[in-house]
Amino acid sequence: MNPQAKLIFATSLILGTSITISSNHWIMAWAGLEINTLAILPLIAQSHHPRAIEAATKYFLTQAAASALMLFSSMTNAWYTGQWDITQFTHPTSCLILTSAIAMKLGLVPFHFWFPEVLQGSPLTTGLLLSTVMKFPPMTLFYMTSHSLNPTLLTCMAISSAALGGWMGLNQTQIRKILAFSSIAHLGWMAIIITYNPKLTLLNFYLYTLMTTTAFLTLNTIKATKLSTLMTTWTKAPSLNAMLLLILLSLAGLPPLTGFIPKWLIIQELTKQSMAPAATMISLLSLLGLFFYLRLAYCATITLPPHTTNHMKQWHTNKPTNTSIAILATVSTLLLPISPMIATII
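In full-length UniProt numbering, the protein residues as written are 1 to 346.
All clues given are correct.
Listed below are the simulated DSSO-like cross-link pairs for lysine-lysine, each with C-alpha atoms no more than 30 Å apart in a straight line:
hint: 1; residue 1: 177; residue 2: 6
hint: 2; residue 1: 236; residue 2: 6
hint: 3; residue 1: 6; residue 2: 58
hint: 4; residue 1: 223; residue 2: 58
hint: 5; residue 1: 226; residue 2: 177
hint: 6; residue 1: 226; residue 2: 236
hint: 7; residue 1: 199; residue 2: 177
hint: 8; residue 1: 223; residue 2: 236
hint: 9; residue 1: 177; residue 2: 223
hint: 10; residue 1: 226; residue 2: 58
hint: 11; residue 1: 6; residue 2: 223
FYI, nobody ran anything at the bench for these hints, they're computed from the structure.
Input sequences plus hints: build the corresponding full structure.
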(Lines of atoms letter the chains of each structure in order from A and count residues from 1; the text may use other names and numbers.)
(Lines give C-alpha, C1' and ligand atoms only; values in the text may rest on other atoms or scores of the structure.)
Protein backbone atom coordinates (compact mmCIF):
# COMPACT_ATOMS: atom_id res chain seq x y z
CA MET A 1 0.00 0.00 0.00
CA ASN A 2 1.09 3.56 -0.77
CA PRO A 3 2.78 5.09 2.34
CA GLN A 4 0.83 8.36 1.89
CA ALA A 5 -2.44 6.42 1.87
CA LYS A 6 -1.37 4.53 5.01
CA LEU A 7 -0.60 7.86 6.69
CA ILE A 8 -4.07 9.20 5.78
CA PHE A 9 -5.78 6.07 7.15
CA ALA A 10 -3.71 6.13 10.36
CA THR A 11 -4.48 9.84 10.88
CA SER A 12 -8.18 9.17 10.26
CA LEU A 13 -8.15 6.38 12.87
CA ILE A 14 -6.58 8.69 15.46
CA LEU A 15 -9.04 11.48 14.52
CA GLY A 16 -12.12 9.22 14.68
CA THR A 17 -11.09 7.75 18.03
CA SER A 18 -10.31 11.20 19.48
CA ILE A 19 -13.67 12.63 18.32
CA THR A 20 -15.65 9.75 19.89
CA ILE A 21 -13.85 9.63 23.23
CA SER A 22 -13.93 13.43 23.71
CA SER A 23 -17.52 14.11 22.62
CA ASN A 24 -20.56 14.81 24.79
CA HIS A 25 -23.06 14.82 21.93
CA TRP A 26 -24.34 11.58 20.39
CA ILE A 27 -24.02 12.84 16.78
CA MET A 28 -20.32 13.65 17.29
CA ALA A 29 -19.71 10.22 18.86
CA TRP A 30 -21.46 8.58 15.90
CA ALA A 31 -19.41 10.63 13.40
CA GLY A 32 -16.16 9.54 15.08
CA LEU A 33 -17.19 5.87 14.89
CA GLU A 34 -18.02 6.27 11.17
CA ILE A 35 -14.62 7.87 10.44
CA ASN A 36 -12.97 4.93 12.25
CA THR A 37 -14.92 2.35 10.24
CA LEU A 38 -14.12 3.98 6.89
CA ALA A 39 -10.41 4.32 7.80
CA ILE A 40 -9.94 0.66 8.77
CA LEU A 41 -11.73 -0.85 5.73
CA PRO A 42 -8.87 -0.28 3.21
CA LEU A 43 -6.39 -1.70 5.77
CA ILE A 44 -8.46 -4.91 6.01
CA ALA A 45 -8.82 -5.27 2.23
CA GLN A 46 -5.26 -4.21 1.29
CA SER A 47 -4.09 -7.71 0.22
CA HIS A 48 -6.90 -7.99 -2.43
CA HIS A 49 -7.34 -11.65 -1.49
CA PRO A 50 -10.98 -12.87 -1.70
CA ARG A 51 -10.91 -13.65 2.04
CA ALA A 52 -9.74 -10.09 2.80
CA ILE A 53 -12.48 -8.58 0.61
CA GLU A 54 -15.03 -10.83 2.36
CA ALA A 55 -13.70 -9.72 5.77
CA ALA A 56 -13.95 -6.03 4.78
CA THR A 57 -17.54 -6.52 3.52
CA LYS A 58 -18.60 -8.33 6.73
CA TYR A 59 -16.95 -5.66 8.86
CA PHE A 60 -18.64 -2.82 6.94
CA LEU A 61 -22.12 -4.38 7.16
CA THR A 62 -21.97 -5.16 10.90
CA GLN A 63 -20.47 -1.79 11.83
CA ALA A 64 -22.99 0.08 9.66
CA ALA A 65 -25.86 -1.82 11.34
CA ALA A 66 -24.40 -1.10 14.81
CA SER A 67 -23.96 2.61 14.00
CA ALA A 68 -27.55 2.83 12.72
CA LEU A 69 -28.82 1.17 15.92
CA MET A 70 -26.75 3.54 18.05
CA LEU A 71 -28.10 6.57 16.20
CA PHE A 72 -31.65 5.21 16.53
CA SER A 73 -31.25 4.68 20.31
CA SER A 74 -29.86 8.21 20.83
CA MET A 75 -32.67 9.73 18.73
CA THR A 76 -35.28 7.77 20.72
CA ASN A 77 -33.75 9.01 23.96
CA ALA A 78 -33.68 12.60 22.64
CA TRP A 79 -37.34 12.25 21.54
CA TYR A 80 -38.45 11.26 25.07
CA THR A 81 -36.10 13.31 27.24
CA GLY A 82 -34.96 16.22 25.01
CA GLN A 83 -31.31 15.37 25.83
CA TRP A 84 -28.52 14.65 23.29
CA ASP A 85 -25.90 14.48 26.05
CA ILE A 86 -24.22 11.04 26.25
CA THR A 87 -24.27 11.00 30.06
CA GLN A 88 -28.01 11.89 30.22
CA PHE A 89 -29.13 8.59 28.76
CA THR A 90 -32.17 7.54 30.79
CA HIS A 91 -34.90 6.04 28.59
CA PRO A 92 -35.04 2.24 29.26
CA THR A 93 -35.82 1.13 25.67
CA SER A 94 -33.03 3.36 24.33
CA CYS A 95 -30.64 1.81 26.88
CA LEU A 96 -31.45 -1.71 25.64
CA ILE A 97 -30.97 -0.72 21.98
CA LEU A 98 -27.70 1.06 22.83
CA THR A 99 -26.39 -2.02 24.71
CA SER A 100 -27.12 -4.13 21.63
CA ALA A 101 -25.45 -1.58 19.31
CA ILE A 102 -22.25 -1.33 21.37
CA ALA A 103 -22.17 -5.12 21.84
CA MET A 104 -22.31 -5.43 18.05
CA LYS A 105 -19.49 -2.89 17.70
CA LEU A 106 -17.32 -4.76 20.21
CA GLY A 107 -18.20 -8.34 19.21
CA LEU A 108 -19.92 -9.42 22.44
CA VAL A 109 -22.11 -12.54 22.36
CA PRO A 110 -24.68 -12.84 20.68
CA PHE A 111 -23.28 -10.34 18.14
CA HIS A 112 -19.85 -11.98 17.92
CA PHE A 113 -20.12 -13.92 14.63
CA TRP A 114 -18.38 -11.31 12.46
CA PHE A 115 -15.26 -10.87 14.60
CA PRO A 116 -13.33 -14.19 14.11
CA GLU A 117 -14.05 -14.12 10.35
CA VAL A 118 -12.88 -10.51 9.95
CA LEU A 119 -9.74 -11.11 12.02
CA GLN A 120 -8.92 -14.25 10.00
CA GLY A 121 -9.18 -12.30 6.72
CA SER A 122 -6.97 -9.40 7.91
CA PRO A 123 -3.16 -9.13 8.16
CA LEU A 124 -1.71 -9.42 11.68
CA THR A 125 -1.07 -5.67 12.01
CA THR A 126 -4.66 -4.83 10.98
CA GLY A 127 -5.87 -7.60 13.30
CA LEU A 128 -4.04 -5.82 16.13
CA LEU A 129 -5.87 -2.55 15.32
CA LEU A 130 -9.23 -4.37 15.19
CA SER A 131 -8.63 -6.03 18.56
CA THR A 132 -7.41 -2.93 20.40
CA VAL A 133 -7.79 0.56 18.85
CA MET A 134 -11.18 -0.13 17.22
CA LYS A 135 -12.64 -1.36 20.52
CA PHE A 136 -11.61 1.74 22.46
CA PRO A 137 -14.34 4.22 21.25
CA PRO A 138 -17.27 1.79 21.91
CA MET A 139 -15.73 0.96 25.30
CA THR A 140 -15.63 4.66 26.24
CA LEU A 141 -19.32 4.96 25.26
CA PHE A 142 -20.05 1.98 27.53
CA TYR A 143 -18.09 3.76 30.29
CA MET A 144 -20.00 7.04 29.89
CA THR A 145 -23.43 5.37 29.88
CA SER A 146 -22.61 2.68 32.48
CA HIS A 147 -24.93 4.16 35.15
CA SER A 148 -28.01 3.62 32.95
CA LEU A 149 -27.26 0.17 31.48
CA ASN A 150 -29.17 -2.98 32.47
CA PRO A 151 -26.96 -5.08 34.82
CA THR A 152 -28.89 -8.35 34.27
CA LEU A 153 -28.61 -8.13 30.48
CA LEU A 154 -24.90 -7.29 30.65
CA THR A 155 -24.19 -10.15 33.11
CA CYS A 156 -25.95 -12.65 30.80
CA MET A 157 -24.03 -11.33 27.77
CA ALA A 158 -20.75 -11.38 29.71
CA ILE A 159 -21.08 -14.98 30.92
CA SER A 160 -22.19 -16.08 27.42
CA SER A 161 -19.15 -14.29 25.92
CA ALA A 162 -16.75 -15.96 28.38
CA ALA A 163 -18.35 -19.37 27.64
CA LEU A 164 -18.48 -19.06 23.84
CA GLY A 165 -15.06 -17.40 23.60
CA GLY A 166 -13.62 -20.35 25.53
CA TRP A 167 -15.55 -23.17 23.84
CA MET A 168 -15.12 -21.97 20.26
CA GLY A 169 -11.40 -21.33 20.67
CA LEU A 170 -10.70 -24.93 21.70
CA ASN A 171 -10.64 -26.58 18.25
CA GLN A 172 -9.08 -23.76 16.22
CA THR A 173 -5.77 -24.14 14.38
CA GLN A 174 -5.56 -20.57 13.01
CA ILE A 175 -3.82 -18.24 15.46
CA ARG A 176 -5.84 -15.16 14.45
CA LYS A 177 -9.12 -16.98 15.14
CA ILE A 178 -7.80 -18.16 18.52
CA LEU A 179 -6.93 -14.54 19.39
CA ALA A 180 -10.40 -13.43 18.20
CA PHE A 181 -12.14 -15.88 20.55
CA SER A 182 -9.72 -14.84 23.28
CA SER A 183 -10.83 -11.23 22.71
CA ILE A 184 -14.52 -12.25 22.99
CA ALA A 185 -13.81 -14.02 26.31
CA HIS A 186 -11.93 -10.95 27.65
CA LEU A 187 -14.84 -8.71 26.62
CA GLY A 188 -17.04 -10.90 28.84
CA TRP A 189 -14.87 -9.99 31.85
CA MET A 190 -15.12 -6.29 30.95
CA ALA A 191 -18.91 -6.34 30.43
CA ILE A 192 -19.73 -8.12 33.71
CA ILE A 193 -18.27 -5.36 35.87
CA ILE A 194 -19.15 -2.22 33.83
CA THR A 195 -22.32 -1.31 35.76
CA TYR A 196 -20.69 -1.83 39.19
CA ASN A 197 -17.21 -0.40 38.72
CA PRO A 198 -16.64 1.16 35.26
CA LYS A 199 -13.01 2.09 36.07
CA LEU A 200 -12.22 -1.61 36.50
CA THR A 201 -13.54 -2.24 32.98
CA LEU A 202 -11.18 0.41 31.60
CA LEU A 203 -8.25 -1.03 33.58
CA ASN A 204 -9.05 -4.50 32.18
CA PHE A 205 -9.23 -3.05 28.67
CA TYR A 206 -5.88 -1.23 29.01
CA LEU A 207 -4.09 -4.34 30.29
CA TYR A 208 -5.77 -6.53 27.65
CA THR A 209 -4.62 -4.05 24.96
CA LEU A 210 -1.07 -4.16 26.33
CA MET A 211 -0.88 -7.98 26.33
CA THR A 212 -2.63 -8.43 22.96
CA THR A 213 -0.36 -5.84 21.31
CA THR A 214 2.68 -7.76 22.55
CA ALA A 215 1.25 -11.08 21.31
CA PHE A 216 0.35 -9.71 17.85
CA LEU A 217 3.71 -7.94 17.38
CA THR A 218 5.59 -11.08 18.43
CA LEU A 219 3.59 -13.25 16.02
CA ASN A 220 4.09 -10.65 13.28
CA THR A 221 7.86 -10.71 13.88
CA ILE A 222 8.11 -14.50 13.66
CA LYS A 223 5.52 -14.55 10.80
CA ALA A 224 3.30 -17.22 12.36
CA THR A 225 -0.39 -17.44 11.42
CA LYS A 226 -1.26 -21.06 12.24
CA LEU A 227 -0.24 -23.62 14.86
CA SER A 228 1.74 -25.78 12.41
CA THR A 229 4.01 -22.84 11.44
CA LEU A 230 4.33 -21.80 15.09
CA MET A 231 6.04 -25.13 15.84
CA THR A 232 8.97 -24.34 13.54
CA THR A 233 9.55 -20.72 14.59
CA TRP A 234 11.59 -21.40 17.72
CA THR A 235 14.80 -21.52 15.62
CA LYS A 236 14.25 -17.98 14.27
CA ALA A 237 14.23 -16.16 17.62
CA PRO A 238 14.43 -18.51 20.62
CA SER A 239 14.36 -15.72 23.23
CA LEU A 240 11.27 -14.14 21.62
CA ASN A 241 9.48 -17.48 21.61
CA ALA A 242 10.31 -17.98 25.28
CA MET A 243 8.74 -14.57 26.01
CA LEU A 244 5.68 -15.56 23.94
CA LEU A 245 5.08 -18.37 26.47
CA LEU A 246 4.89 -15.82 29.33
CA ILE A 247 2.75 -13.37 27.33
CA LEU A 248 0.21 -16.11 26.53
CA LEU A 249 0.07 -17.23 30.16
CA SER A 250 -0.40 -13.58 31.15
CA LEU A 251 -3.34 -13.33 28.69
CA ALA A 252 -4.77 -16.44 30.35
CA GLY A 253 -4.68 -14.58 33.69
CA LEU A 254 -2.27 -16.78 35.64
CA PRO A 255 -0.50 -15.35 38.71
CA PRO A 256 2.15 -13.95 39.14
CA LEU A 257 1.76 -12.27 35.71
CA THR A 258 0.09 -8.97 34.74
CA GLY A 259 -3.07 -10.63 33.35
CA PHE A 260 -4.02 -11.79 36.86
CA ILE A 261 -4.60 -8.18 38.09
CA PRO A 262 -7.95 -7.48 36.33
CA LYS A 263 -9.35 -10.96 37.05
CA TRP A 264 -8.43 -10.68 40.74
CA LEU A 265 -9.95 -7.19 41.11
CA ILE A 266 -13.10 -8.11 39.14
CA ILE A 267 -13.75 -11.25 41.23
CA GLN A 268 -13.21 -9.18 44.39
CA GLU A 269 -15.68 -6.49 43.21
CA LEU A 270 -18.29 -9.08 42.15
CA THR A 271 -18.20 -10.73 45.58
CA LYS A 272 -18.63 -7.30 47.21
CA GLN A 273 -21.73 -6.80 45.05
CA SER A 274 -23.19 -10.16 46.27
CA MET A 275 -22.57 -11.75 42.88
CA ALA A 276 -20.47 -14.70 44.04
CA PRO A 277 -22.28 -17.21 41.71
CA ALA A 278 -21.52 -15.04 38.64
CA ALA A 279 -17.90 -14.63 39.80
CA THR A 280 -17.56 -18.42 40.26
CA MET A 281 -19.09 -19.12 36.86
CA ILE A 282 -16.93 -16.66 34.90
CA SER A 283 -13.80 -17.85 36.77
CA LEU A 284 -14.50 -21.47 35.81
CA LEU A 285 -15.18 -20.46 32.20
CA SER A 286 -11.78 -18.74 32.02
CA LEU A 287 -10.24 -22.24 32.36
CA LEU A 288 -11.42 -22.92 28.79
CA GLY A 289 -9.34 -19.96 27.62
CA LEU A 290 -6.40 -21.22 29.66
CA PHE A 291 -6.54 -24.48 27.67
CA PHE A 292 -6.07 -22.87 24.26
CA TYR A 293 -3.43 -20.44 25.55
CA LEU A 294 -1.50 -23.43 26.90
CA ARG A 295 -1.95 -25.12 23.53
CA LEU A 296 -0.47 -22.07 21.77
CA ALA A 297 2.37 -21.87 24.32
CA TYR A 298 3.03 -25.61 23.94
CA CYS A 299 3.29 -25.30 20.15
CA ALA A 300 5.48 -22.19 20.38
CA THR A 301 8.04 -23.32 22.95
CA ILE A 302 7.78 -26.96 24.00
CA THR A 303 7.20 -28.83 20.73
CA LEU A 304 10.20 -29.38 18.48
CA PRO A 305 9.70 -30.22 14.78
CA PRO A 306 11.27 -33.50 13.60
CA HIS A 307 13.66 -31.78 11.18
CA THR A 308 15.13 -28.61 12.64
CA THR A 309 16.20 -25.85 10.27
CA ASN A 310 19.90 -25.06 10.00
CA HIS A 311 19.86 -21.29 9.56
CA MET A 312 21.48 -18.86 11.99
CA LYS A 313 19.59 -18.12 15.21
CA GLN A 314 18.69 -14.45 15.57
CA TRP A 315 19.62 -13.86 19.19
CA HIS A 316 20.41 -10.19 18.63
CA THR A 317 18.44 -8.03 16.24
CA ASN A 318 18.48 -4.26 16.10
CA LYS A 319 15.04 -3.72 14.57
CA PRO A 320 12.99 -0.99 16.30
CA THR A 321 10.00 -3.36 16.63
CA ASN A 322 12.09 -5.69 18.75
CA THR A 323 12.82 -2.87 21.19
CA SER A 324 9.11 -2.08 21.51
CA ILE A 325 8.30 -5.80 21.91
CA ALA A 326 10.93 -6.06 24.66
CA ILE A 327 9.40 -3.14 26.59
CA LEU A 328 5.80 -4.34 26.04
CA ALA A 329 6.68 -7.94 26.99
CA THR A 330 8.29 -6.77 30.22
CA VAL A 331 5.26 -4.64 31.16
CA SER A 332 2.73 -7.31 30.13
CA THR A 333 4.31 -9.90 32.43
CA LEU A 334 5.70 -8.01 35.44
CA LEU A 335 3.04 -5.52 36.63
CA LEU A 336 1.54 -7.67 39.41
CA PRO A 337 3.84 -6.38 42.22
CA ILE A 338 2.50 -2.82 41.72
CA SER A 339 -1.15 -3.95 41.77
CA PRO A 340 -1.80 -2.29 45.21
CA MET A 341 -0.86 1.04 43.63
CA ILE A 342 -3.16 0.33 40.62
CA ALA A 343 -5.98 -0.63 43.03
CA THR A 344 -5.62 2.69 44.91
CA ILE A 345 -5.73 4.66 41.63
CA ILE A 346 -9.01 3.07 40.57
